[in-house]
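Trainee: Let chain H serve as the given structure and place chain C on it in line with the hints.
As they're listed, the protein sequences go chains H and C.
Numbered according to the numbering used here, the first sequence spans residues 1 to 141.
Numbered according to the numbering used here, the second sequence spans residues 1 to 141.
Any given hint could turn out to be false.
Claimed, not checked - Computed beta-carbon distance windows for the label pairs:
| id | chain 1 | residue 1 | chain 2 | residue 2 | range |
| --- | --- | --- | --- | --- | --- |
| 1 | H | R8 | C | G69 | 18 to 26 Å |
| 2 | H | R62 | C | H108 | 20 to 28 Å |
| 3 | C | G107 | H | L106 | 19 to 27 Å |
| 4 | H | N64 | C | G69 | 34 to 42 Å |
| 5 | C | K116 | H | G69 | 28 to 36 Å |
| 6 | C | I122 | H | D101 | 15 to 23 Å |
What the hints assert, rightly or not - Straight-line distance between alpha carbons at most 30 Å, and here's what the computed DSBU-like set of lysine-lysine pairs gives:
| id | chain 1 | residue 1 | chain 2 | residue 2 |
| --- | --- | --- | --- | --- |
| 7 | H | K41 | C | K138 |
| 8 | C | K65 | H | K41 |
| 9 | C | K5 | H | K116 |
| 10 | H | K5 | H | K116 |
| 11 | C | K41 | H | K41 |
| 12 | H | K41 | H | K138 |
What the hints assert, rightly or not - Here are a few chain C residues that sit away from chain H, every Cβ distance over 10 Å (derived from the structure):
| id | residue |
| --- | --- |
| 13 | Q6 |
| 14 | D18 |
| 15 | G90 |
| 16 | K93 |
| 17 | D101 |
| 18 | R114 |
| 19 | V118 |
| 20 | K138 |
| 21 | F141 |
Just so you know, these hints were derived from the structure itself, not from any lab.
Cβ coordinates follow ideal geometry from the N, Cα and C atoms, glycine included.
Number of protein chains: 2
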Amino acid sequence: MNTDKQMRRLIELGRREDTPYTCMILAADGEIIALAPNRVKKDADATSHAEINAIREASARRNNKDLSGCHLITTCEPCPMCASAIFWSGIRKVSWGLSIDEIAALGHRQISLRMKDVLADISAELQVEEGVLAEEVKALF
Amino acid sequence: MNTDKQMRRLIELGRREDTPYTCMILAADGEIIALAPNRVKKDADATSHAEINAIREASARRNNKDLSGCHLITTCEPCPMCASAIFWSGIRKVSWGLSIDEIAALGHRQISLRMKDVLADISAELQVEEGVLAEEVKALF
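The following block holds chain H by itself, in its conformation from the complex (with noise of 0.2 Å):
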């Protein structure tokens, strides 16, 4: 997979909204079916990050709970708790941009567990792309 193209647009999205934060979900036949920003602060939720609302997003356009076949782009790597939540909507492709540790060694406070250890039950159903356009993301910190 190439998802160049897919990662400038959501590196434009965080600048925009002034987060390195940001997510898009694809089709099985690459529509965008949900893109959005970490909104943490503006909706004061702790939960609000880009990959649960883009999973919330994506589920309500098609209004079902199970998102099998879509492909989950993410400036950076999923956190345990979107990690979990691509468990449960049934995403099984994955790829982002800065890794976790990358992240937290940027000063953004991180759970210190990779995507991998959390869906260890079902890696050998991931595919999983890393680092993609990873400089760029970097400068939205």
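Mentor: Same frame as chain H, but now just chain C:
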């Protein structure tokens, strides 16, 4: 802590809403500031677990993402999504009835990570109460 009374209220809500998963959040003074069932099917949203719903409700009520000092009580041990939401919300006091292993043994699919494993980074700050009215919670399944 003795949370039998609160757990009874959660069990009643579970019966009424036809779900074994219900959650409440108490403010530091004991006031109930959120009370929510799992609404995954109803909302067609994989993220609509009882704990996530309760955290969102409590934050909306207070217009504050920070729920430090609050106590989360839930029928079933928080899954890694909800455990991480607890982390991000600042809640450090958690009570539940059945453990993840007990829920899994009842045939409900789970991510096989205990809350203590997800929240190992803050284990020293966590207050956990397990097994509250476990048999009565089990009867909801």
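Trainee: Compare the structure with each hint and give your call.
Mentor: Do the hints match the structure? See the list:
With their beta carbons about 42 Å apart, R8/H and G69/C fall outside the hinted range of 18 to 26 Å. Distance hint for R62/H and H108/C: a CB-CB separation of about 24 Å, consistent with the stated range 20 to 28 Å. The given range of 19 to 27 Å is broken by G107/C and L106/H, whose C-beta atoms sit roughly 43 Å from each other. The supplied range of 34 to 42 Å is met by N64/H and G69/C, whose beta-carbon atoms lie about 38 Å from each other.
Separated by about 34 Å at the C-beta atoms, K116/C and G69/H satisfy the suggested range of 28 to 36 Å. Separation of I122/C from D101/H is about 18 Å and conforms to the stated range, judged on CB atoms against 15 to 23 Å. Restraint check: the Cα-Cα separation between K41/H and K138/C comes to about 38 Å, which exceeds 30 Å; the hinted pair is violated. As the CA atoms of K65/C and K41/H are separated by approximately 8 Å, the hinted pair is consistent with the 30 Å bound.
Our distance criterion of 30 Å between C-alpha atoms is broken by K5/C and K116/H, whose separation comes to about 39 Å. For the given pair, K5/H sits about 25 Å from K116/H by alpha-carbon distance, which is consistent with the 30 Å threshold. Distance hint between K41/C and K41/H is fulfilled; the C-alpha atoms sit about 28 Å from each other, no more than 30 Å. Note on K41/H and K138/H: the hinted pairing holds, with a Cα-Cα distance of about 20 Å set against a maximum of 30 Å.
Non-interface call for Q6/C relative to chain H: holds, since the shortest CB-CB distance, roughly 22 Å, exceeds 10 Å. With a cut of 10 Å on Cβ distances, D18/C stays outside the contact zone with chain H, its closest approach being about 17 Å. A cut-off of 10 Å between C-beta atoms contradicts the statement that G90/C is not in contact with chain H; the least separation is 7 Å. With a closest Cβ-Cβ approach of about 16 Å to chain H, K93/C is found to remain outside the 10 Å limit, as its non-interface label requires.
With a least CB separation of 14 Å from chain H, D101/C remains clear of the 10 Å interface cut-off, as annotated. Every Cβ of chain H is farther than 10 Å from the Cβ of R114/C; the closest lies at roughly 12 Å, confirming the non-interface assignment. Listed as outside the interface, V118/C is inconsistent with that label: its C-beta sits roughly 6 Å from the nearest C-beta of chain H, within the 10 Å cut-off. At roughly 22 Å, the least C-beta separation between K138/C and chain H is larger than 10 Å, which holds for a residue marked as non-interface.
The beta carbon of F141/C is kept farther than 10 Å from every beta carbon of chain H, the shortest such distance being approximately 18 Å.
Checked against the numbered hints given earlier, the structure breaks hints 1, 3, 7, 9, 15 and 19 and satisfies all the rest.
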